[in-house]
Structures are given as structure tokens and as C-alpha cells.
Amino acid sequence: MSDGAPKDAALREPVGTDAPRREIRRFLRGRGRYVADIVLPRMLHAAFVRSPHAHARIVSIDLAAARAAPGVERVFAGAELAEICAPLHGVALHRPGHKSALQPIMAVERAVWQGQPVVAVVARSRAEAEDAAERVAIEWERLPALVEAAAALAPAAPPIHPELGDNLAFAFEIEAGDADRAFQEAAVVVEQRFDFVRQTPMTLEPRGLIADYDPGSESLTVHHAHQSPFQMQDVFSRHLGLPEHKVRVIAPDVGGGFGMKLNVYGEELAVCAMSKLMGRPVKYLADRLESFVSDSHARDHRVTARMAVSKEGRITAMEVDDLAAVGAYGMPLRFNIAEGMMLITMAGAPYAFPNYRARTRNAYVNTNLIGMYRGVGIPLACVVGEALADLAAERLGIDPVEFRRRNYRRKESLSGATPGGVRLAGTSFDACLETLVRLMKYDELRRTQAEARRRGVYYGIGIATFVEATAYGPPYYGPSEARISTQDGCTVRLEPSGVVRCVTSITDQGQGTLTGLAQIVAATLGLALEDVEMIAGDSAISPYGGGAWASRGMAIGGEAALKAAQALRANILDLAATIAQTAPDRLDLRRGQIVNKDTGAAVISLADVGKIGYFRQDTLPRDFDVQLSATRSFVDNGAMCYMANGVQGSFVEVDPESGFVKCLGQWAVDDCGRVINPMQVTEQVRGGIVQGIGAVLFEECIYDPQGNFVNATMADYLVPMASEMPDIFVEHVETPERSTALGAKGIGEAGLIGAMGAVWVAVNDALKPFGARMTTQPFTPERVLEAIAAARRGTRAGK
Amino acid sequence: MTPRDPEAGFTVEIDCTVNGVRVRRAVPARQHLVDFLRDELELTGSHLGCEHGVCGACSVLLDGVVVRGCLTLAAQAHGKRVDTVEGLSDSGALDALQAAFARHNAAQCGYCTPGMLLTAHELLGAGRPMSRAAIREFMSGNFCRCTGYHAIVDAIAEVLERPSSGS
Amino acid sequence: MKAPRFAYRRAATLAEALDMLAGEGPGAVPLAGGQSLLATLNMRLSTPTLLVDIGDLDELVGIALERDVVRIGAMTRHAHVLESAVIRQHAPLVAEAIGHVGHVAIRNRGTFGGSLAYADPAAELPACTVALAGTVVVASRAGRREVPAERFFKGLFETDLAPGELIVEIRLPAHKPDRTWAFLEFARRHGDFAIVGLAAQATLADARIVDARLVYLGCVDRPKLARAAARALAGRTLPLDETAWIEPALAEDLDPPETPGCSAATKRQLAAVLTRRAVAAWHDRMPR
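Residue numbers (our numbering), protein chains in the order written: chain A, 1 to 799; chain B, 800 to 966; chain C, 967 to 1254.
Quick caveat, the hints were computed from the structure, so don't treat them as lab data.
Just so we're clear, the structure is a prediction, and the values are computed from it rather than from any experiment.
Just so it is clear, CB atoms sit at the ideal spot from N, CA and C, and this is done for glycine as well.
Do not rely on the hints blindly, as some may be mistaken.
Unchecked claim - Label pairs and their in silico Cβ distance ranges:
1) C/1205 x A/399: 54 to 62 Å
2) A/39 x B/930: 55 to 63 Å
3) B/962 x A/150: 57 to 65 Å
4) B/823 x A/40: 22 to 30 Å
5) C/1034 x B/961: 44 to 52 Å
6) C/1211 x B/961: 49 to 57 Å
7) C/1030 x A/40: 51 to 59 Å
8) C/1065 x A/535: 42 to 50 Å
9) B/961 x A/93: 29 to 37 Å
10) B/961 x C/1126: 47 to 55 Å
11) B/924 x C/1126: 36 to 44 Å
12) A/444 x C/1211: 36 to 44 Å
13) B/930 x C/1139: 56 to 64 Å
Said to hold, decoys possible - Listed next, the stretches of chain B that the computed footprint assigns to chain C, with coverage defined by at least 3 CB atoms under 8 Å from CB atoms of chain C:
14) 808–820
15) 849–863
16) 925–939
17) 953–959
Stated by the list, open to error - Over the 10 Å line for every Cβ pair with chain B, so calculated as not near, a few chain C residues:
18) 972
19) 1004
20) 1022
21) 1031
22) 1155
23) 1211
24) 1229
25) 1254
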């Protein structure tokens, strides 16, 4: 369903087809090339000694035994590396009050979270480095640890970083309209607490890098499992005092990112510092146990929220109070405030109500750092808005779908902003909802649910609507002074034989973005997809750009590829016209040929154009300037983001005897603007959905009161495997972004956002006959049983 | 017991077959099979995701059956046959599965993919029809964070139904 | 997560393995399937000095019915048990349980004896062995001894095995026509260790329960034979029209510790649910 934007050369096939990814053939043969697979001459291996305590002073470190261990080259403590590597500082300069302590790349005087790196061993092999690490003797003086945000912000709480004065990282408030009055006058007020636990993104490939400092050329090359080579080029350059043009960051195949591999890690800087000091390549691969305590974490919010509704079922106000525990330091560049900000700006965004009050407070605690993870607060916003809407609908006896129909922003008001400041132009709530209702056979499911309840079988149906800000632009990152580029670039080059090679600043960790870009280039140049090759991931050879995050690859990178391909197309047609002695506007590119646009007759092959352009310039007019390669960058200087939206439906069964939840079906309708490759879009949604189901039913980082992460293995931190997952059905709605030629928005995070909301609401829907409510994630069998038991006892289930 | 050379027993001689090729090496006793394959034989198609036997990224075949490479010592491969994704690709044993995976986009980052293929290969070897639920159960020891499993189940179900569907 | 250094020796015979284990002393551990041992080594949770690989001991592999006893060699892999017609026919409780043990790759390597020796309280095979009143045959340089399964499991990861001893065989009384069985468990995900499980066997006379053996896994530090619940079941007739007595009877038998994420009360509740469902399964299986 498109809104009638004109079709032009850029939008013909293979754009819009399910073109398979080229990389997949390599991966299927085991020819993926991840950081772990790369071997360099004289390469050494690093292992870290990490703090076993959440908060402790380092009294002494004895490295003698470790240094003497077999295979060991060097052993470094934090102080030595601090001499050549500046500390990190994760503060967004445009947010008044946002504060963070300076983070040394390895702990020097104190460790402030369990897992913080303290000592690095560099040895011939990883096994020997680990052996030596066991011989490092550190004397610790344990200090009291703060683990809960509320405790950290209590008036008498000692500041974890005394120089900050307290543990408040950041606070922000939104006030719009007159919320107090709206709540007073409401026919129905629903209120609920939400406990969003801490999660870890769990990419299957752990983090890793090889830092290769060459003292001969005084240059640093880093092979890095990272989503933004350019960001890291800047970080390594600034922190190590190396000129930027001497730093090259190459992201090879990356085994999943999801935002976790976007962050800045002290130990990764340490690896570069060590390579610089040693003049040899140093490889570091996080193993799974250390991934748990060092990969950036996500979520960890306690929310209280309420909604005011009129007797006609119209939402008149919302109020949200968010308290988040963000770990021990601010995350450099990617800022720990983002989740809270997204939560309070996006809660209830699809709905038309003018009165809103919200507050977010972020507290420092002695736990691992919060960083970017798929959805960044918007999944939580979706849960809050949708759970309250469902509660309100239940109180008024209105079907949840009907409730949404009554409350969605109408097209007329979409051009304005929500009370949270979100602009919704270009969203398509009604179209998505009606498509979903048809796709999941909603009415039939409701009948099935009603009939099953009579038999003592408890199904639940959840509908969740969300908006998703994608492809954040300069107005978002710029004022923070974070050196993050929101523009991306693409070089498109005609090879003499008539095929095309492109280099893009976009990166791809499995999303299929590179294939989408190739589809755009192929469509523009009239080539078969296999005649376009995409190269990515190398900060030295591609135009400068951003990389992959915030669902931006197609919207920004695609637009850059389109522009570059269009520029090359113009140059090719110019040259062909000169050769054929006609006008460029008479010509078109089709199937590797320059043809007469009207008759389709072949004029000259692209291969011949290439040959003449590169080798037979003697046959061209003297003043003809051959340019068979074009580079373009793209960003909209004033675009905050491109707003995408979607709706998901979830069908679950809850066994009230055991508390077990089974996911029986999941449906998603997504509007990410122009769809370049429907299959890739569907698969992105499916992948996100399973992470959303994981969030609601399985995932939780459990910290004990001393700040120890107690379930830090893959046997204890549960992520969904195939057996517990439902089939997932996806349909697309297309409302092209109007401000770009391509019209694409982002899709990467939508699956998780909608699924977290839909499954949360579905389980609660199943429990309605018991009067039980789930408020704490994940919905373990024990929590479900407790909620039912508490409802039976006549009290609302707290936890 | 004879008193001994302190190194005795810490290195083990193995004589095995890897992807059809005879391999004789001295390996550290503590080295697991996947590290041996990756570091000694440069067969980097088998991946490490957890090293405690949960994720399945390290799956290889040992005497024809799928095992966790991280929970097998290289020493235990002595006298046995090891097959990895590289060998099974070269021999064509995975052709139908690979074609189906490609058609259904059953791989994104690719890190779980070799393990998925080797486990699916064993599923097909059982030679009996399976429902989608049974396919999911069989594959439930292989973790994927990217795909949500649906496309993987589609690909396997397709090959189960039409085993000769090649690329 | 690379394992610490250890020495390795491969035993060619059982006698050799026992010699190696005895000779090294407490630092020696047998390497059977390795699915538990190697994970703990990769995580550096233990530091043995010597691994004695018993993987080549074909004399310890096999499943056979001998008169009315099913004999399972300790090195028999779970995959072999899963495919065994002898097990399906003569130890159907094990046949029903084995599909819950791990995943395909784990079952291809893990062994029956290894599972019993490791004695995870949430493991399926120890519970089945106790439910069937099986016998664990243990060998050392001094000879062999037989331990009733009920006495073999002594605590959390603790068995009756003395240093230098190996399980060589497991003997299970073969199924009889008047017996019925059920294996059920609650696990967060398929293949995970059970939160709570039940390996149940009963003797029926028509629809009357003559006696029952109910063994719960995942509740206390070992597979727990629930005597009070079994006594309360004896004499009742299927289908049970009233099940309210189950929870109080189990409360006598099961005293689970409080663990984060699963309270004792929840474990007892789940155990009661499994009991009701097991008894219903017995009824469903009765010939009509």
C-alpha cells in the first residue's frame, strides 16, 4: 500500500524483490570471516583480570608471578595504560545536568562494578594468558555496593563517585497541557507499576578486536567486531593521541550487534594501547562468561504510570515516572540517558491526548554499564502505553482493538507533535491495525478464547501499537557534541568490463542492508543484481559515515547509494551519448546496455562504454571529462528522525496450574516506508520479535544485594531457543518517507518493540479471568503463579 | 606408576581423519576440538559462542554424529572421523540444506549457521517426516539471536519434504 | 574460557582405567561423555590433575535384556538409549525420560553412567533409576559392588562412589505387564534441566493402585523417593476423583530449599501438578 509517489528508475526491480543476500552463500559454507578467524604475524592474545567485587578499593597488585608464567609477554595494570590512553567520559553536552565520572580504561584505584577490567595479560595463547591471569594477586578492600536505583538516590546514599556529589546521572521532565486536571476529571484512571529488569543483548559472537599497531608507519589498524568503524577510528585516535588518518578500523563479518557492539569499551581501548606499547598485533576475544559482566547491559527501569480516560473511551492524559539504574559510568558517545528519554517521550505516542507529565531519573549504581540495545527504551514505552490502554479498555468494557481505533491520532493531527515532542507525520496506524486484525483473524481468536475459557483453558490475545524513531539525524546527535556521524556515503564505480563495485560507509551485521543497497544501485544502473558488488566496513576506504544503528541503513545509506548511482548514471549516459552522438535524455540503462529510451534498441553496451572511458579516451572529444565513479553522501541536516510505526498481535496460552506461558502465534504489520527487500524486512521483524519474547518471558540479569551478577552463564540467563518460539507472520504497509527520494524508513528495531508490548499484554489478557496482573518482567512460572495466588487472596500482585 | 617427565601427559598424540584427510598431531591435552580445528587446521567455520555447551555454534560431526566441539577434547578425536561445515560443503552433503537456507534467508549474521546446518543434517539423516514442532524440538540446542528461527524451520521443512531439491 | 592444564591418559581396558585412577589419587577424574566435566573445566570450576579417558571402553557399552533385568553399560550414550528397542519395551519410563535429556549433540556424547556419577539433582536418569528400584554396579581395583539406586545418591552432586571407583553398569528391573509409568517435567525451555520433574512407576491391579514409586527431581539435593505420597496413593482406584490429598502428602516428603526464582512453595505446587498429571497418564494408558 503506497501513497502514490512517482515511480522512477530507482524504484524498478530489483528494488522491491526478495533478492537473496550474497553473504549468505559464504556463511553457509563456513566462510564467514569474523575477528576470531583473523590471524596476523606475531599476533599475541590478551586476557583480562576483572574485579570480582561490585565495589572495592585496589590495595595492591602483584604481577610478578603472572609475568613469570609460561608464554607471557607483558602484564599491564591500569596505571601504566592510563599514561598513554585518556579516560572515557560519557556525558551528553547538550543535556544540562548530565554528569559522569571519568572512566579509566582499566580500573586504577577502585573497581566500581563486578567485571570491570583491572589487569591485562598478553601472552602467546589465550590459554596461557588465562593461566597467568590466575596468578595475578590483587588485594582488595571491599566497599559497600549500591545496586538499586532507589537506594542510590536516597538522601543519605554515599556517592559512588565523590566528585559528582551524588548518584544522579541525569533527570528530565516533560510537562504538557494540564495533567492534574485531566486526571481529576477522568471517568477512569488506571495505574500500574512496571519492573523492567536488566538485560544483556547476547550476540552469539562475543565482542572482539585485533589491534595492530605498526611502529614503522606509526599507524594503528584495528579489526573490530563493531557496528561503527568510523566512531571507533575517532575514539582510538583521540584517546591514544594518534592522528586520525593513521587509524584504520575494519569491521569484518560481525556475528550480531543489536546495539551492543556500538558502545565504547575500556578494555578494547586497552587492547589498542597495549599493541601500541608492544608494537605487535594483540587479539582480544571476550569469552561468554566475561561477556555477561562486561558487554553493555540494557533496560533496568522501574516505572510507575497512569492513564486518564473519558467515559467514551478517549485517553485524556498520561503520566509516567521512570527510575533507571544505569551502571557505574556514563557510556561514552552512546549515552546512558537514551533509554529513559525514549521511554518518556514515546509512551502513548500513537494516541491523541494533550495532557502529559513524565519524569526520568537515571542513577549510578555499582553494576555494569548500560549502553545501546535494540529499541533503546521504546520497547518499554510500548509496554507502558499498551498495558495501560488494555487496562482502561477492560475497565470500560471496550474491546482493545476498538479502543485503539478510538484513540489513534488522526491524519489531521499527525503533522503536529505529541506531548512528548514526537512528530508523527507519515505514520499509518489505522492501516496497520486493520491489516493486523485481518491477518491474525482477531475476531476468530477472541471467539476461540471465550470458548476455551469455558473449558478451563486460558488463551491470551495482545495487540500492541508503536511508533519508532528511526535514522536519527544531526539534530539528535549534533548538540551532544558526540563525534557520531549521522550521514553516510557511497562510492559507485564502473569497472571497465561493465560491472559495478561500490563502497559504502553502512555496515551490515546480518540485516541484509548491503544487499538492499546493491538492489538500489542495480535498479538505477539497469544492471542485474549479481553485477553489483558491495564493499563495506573499512574506515579507510569508504566515504566517511555512520554505520549501523538506530535502524538507519536503508534510509540514510540507501539514499546515499541512490544519489551516487544516479550521479554515475548521468555520467555514463553523458559518455554514451557522446560516443553515440545523441542526447543523454534519449537514452536509458537496461540489462547492462545503453538503449534508446523509447524503442529499447541497444545503442552500446556498458562494457564498451567502460572500455572507451578507461582505455580509449583518444577517441573522445578533447574536452570531454570522463568520470566513471561517483561518490555521494547523504543526510537531511534538519531531520531529527524518520518516524516508522507498526502493530503486533500475540496469541499465548497460560497454564494456571504451573504458571508456564506458551507462545502460540505472533503477527506483525510494519510500516517502514518504501520496502527495498520484503524478505529482509520480514526477517528483521522476526528476529526482533524473538528478542521481544525473550524479554517478556525469559531474560533477566539477576544481581544480588552485593552487586554480584549471579546468573551469568548461558545455562542460567535464558534466551529463547527454537522450541519455545511460535511461527511469526509479517505483512508490510508502505508509507514512503516524503523528504527523501528513496522513501525508506528503518525497520531493525520494530520487531522487538512491538513484540515486547504484544506479548506482555497477551499474558495479562490470559490472566484476566483470575484478576491477576503481571508487572515484573520476565514472566517466570513462579511470578505467574504468585500473581494468580495474590489475586485469589484479594490483593493486587506486587511482584 | 613411573615418576615422570613433568610434561608427560600434558600433550597427546592424535591420529584422526578431518574432512576425509588424515591428520596426525601432538595436541595440548586441554585443547578442545574446536580450538584444534580452528587454530591448528585453520578450519574456522566452526564457531565459539559460549564454550560451555549451550549455544551449539561449535557443532561438528564426530564419527558421523553431531557433537559440541567445545565439550570434546581434541584428544578424544583420536581414531575417529571429524567432519566440519567446510568438508560437508565440499562433499555436497549439505547442498540441499544450503540451497533451502539461502532461499528462505535462514541466516543473518551467519555465526550460528554452520552449527544449524550440521544439526539439521542429522535431522535429515533420521529419515522420517517431522512436524514443524518436532523440527523445532530437534533444533532446540542451537541458539540463534538474529532470525527468530522461523526461516530456519521453513528451510528444513522444505528439504524434509523434497529431499532432492538442490540449488 | 580455556581449561586449565591437566594431564590426559587414554585407558584401553577397564582394568587399566582403574589402575590409572587409583595411581593418580584424588586429582584424577574419569572422562566419560564429558558433557558436564568439560563444561566445568572450560569455566575453570575444577582443576583435576589427570583425566582418564574411558571413551574407548567398549566393554562398558551396551543394552541387553537378561532374564528380567535390563543391563545398561555405563558408557552407553543417551542417543543409543533413545533409539533402543529394548529400552522402549522393557524400560519404558527411561524411554519417556530420555527425550528430555539435553539436546541431540549432548545425547550423542553423554552417557548413562556419567549422568548418574555427576548426580545433578535435576537430572532425569538418576530419578528414573531410583523410580525403577535399579542397581548401580561399581568397580574398583578391589572388585565390584552393587549399590541400590536409592542409596547411591547422597547429596548435591554427591554419590556413593569412592575415589578410584567407576560405575560400570546400571541394572533396571524389566517392565512387567501389571506396571505402569510416567515421566513428566517442568523445564523453562526444552532440554533445560528441570525445575521439577517426576519419574513415576506403579503396579496396578485392574484400576487399583497396588503400590507406587514416585521420585521427584529438581526439588532437593538428590532424586527424592516420596514415601508418604506413595503410601497415600496405594489402594486408590483410577481415575482419581479427588486429588486434594496430594499436596499435604508431598509436603511430608519434599522440603525444597528456597532458591532465587523458584521458591519452595512453587516447587511443591509444581510437584503436585506433576503428580496429578502422572496419575492421569496412568489412567490414560490403561487398556479399555
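TODO: Mind listing which of the numbered hints don't hold for this structure, in increasing order?
DONE: Numbers 1, 2, 9, 13, 17, 18, 19, 20, 22, in rising order.
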